[in-house]
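Using the sequences and the hints, build the whole thing.
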Amino acid sequence: MKPDYKLVAKAKYIHATADLASELWHEVYKRYYPAKQLDTLVEELQSADAIEADIDNDVNYFLVVLGGKTIGYFAWKMENTALHLMHLYLKPEYRGKALGRDIVLSCERLARGEGKGRVWCTVHAKALPVQQFFKALRYRNLKPAEQDTGTVPRDEVVFEHTLG
8 MKPDYKLVAK AKYIHATADL ASELWHEVYK RYYPAKQLDT LVEELQSADA
58 IEADIDNDVN YFLVVLGGKT IGYFAWKMEN TALHLMHLYL KPEYRGKALG
108 RDIVLSCERL ARGEGKGRVW CTVHAKALPV QQFFKALRYR NLKPAEQDTG
158 TVPRDEVVFE HTLG
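Mapping of the sequence shown onto this note's numbering: residues 8 to 171, in sequence order.
Since the hints were made in silico from the structure, they are not lab data. On a predicted model such as this, the values are computed, not experimentally measured, just so you know. One or more of the hints may lead you astray.
[What the hints assert, rightly or not] Derived lysine-lysine pairs resembling DSS-like cross-links, with alpha carbons at most 25 Å apart: (1) K150 <-> K37; (2) K123 <-> K13; (3) K98 <-> K19; (4) K104 <-> K150; (5) K9 <-> K76; (6) K150 <-> K133; (7) K133 <-> K13; (8) K84 <-> K98.
Following this line, the structure appears as structure tokens:
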């Protein structure tokens, strides 16, 4: 069964995405950040207000729905020469089932269709399974990411795939 991607635009979906993001970020990042820093990070980057601000700045959020059940979300922004995959999170029981790969490949097709030459994202520097996921999709680790917003330092690296 293939999942559906539901565009997040209405307030109720923004709040549902923020709730899901909080759940997933606390599960994924608990090993990298103390609890208070993680709460601050989620509030700054994935609260309903933060998601709404992202949407107002041309970020497209989608809920991933499988069999009527929300199992994750992703977000991307089209830039001058690239598609920036900003978020991709799935509930633990749905990881390793090629769903993330399909989302990334869909983003690559979208970028190609828009005439963009690459797709890029940032990954936590200690999240080795996530780095392996992107390496398996032919993404390369470019450099440490610059932190542009927020009060909590984030140790991230940039991964990029040049579209052919």
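Practice task
Take a quick look at whether K9 and K76 sit within 25 Å of each other, Cα to Cα.
Solution key: Given that 25 Å is the threshold and the Cα spacing comes to 12 Å, the pair holds.
Exercise for the section: Would you mind confirming whether the straight-line C-alpha gap from K123 to K13 stays at or under 25 Å? Expected result: 23 Å, holds
Exercise for the section: Decide if the proposed pair is consistent with the structure: K84 and K98, CA atoms, cutoff 25 Å inclusive. Expected result: At roughly 22 Å apart (the allowed maximum being 25 Å), K98 and K84 satisfy the hint.
Practice task
For the pair we were handed, K133 and K13, check the Cα-Cα distance against 25 Å.
Solution key: Violated - the C-alpha atoms of K13 and K133 are around 30 Å apart, more than 25 Å.
Problem - Proposed proximity, K37 with K150 (alpha carbon, max 25 Å) - result: 24 Å, holds
Handout entry: Pair hint outcome, K150 versus K133 [Cα-Cα no greater than 25 Å]
Key = 14 Å, holds
Practice task
For the pair supplied as a hint, K98 and K19, confirm whether the alpha-carbon distance does not exceed 25 Å.
Solution key: Given that 25 Å is the threshold and the Cα spacing comes to 20 Å, the pair holds.
Practice task
Take a quick look at whether K104 and K150 sit within 25 Å of each other, Cα to Cα.
Solution key: 28 Å, violated
Of the numbered hints given earlier, the model fails hints 4, 7; all others are met.
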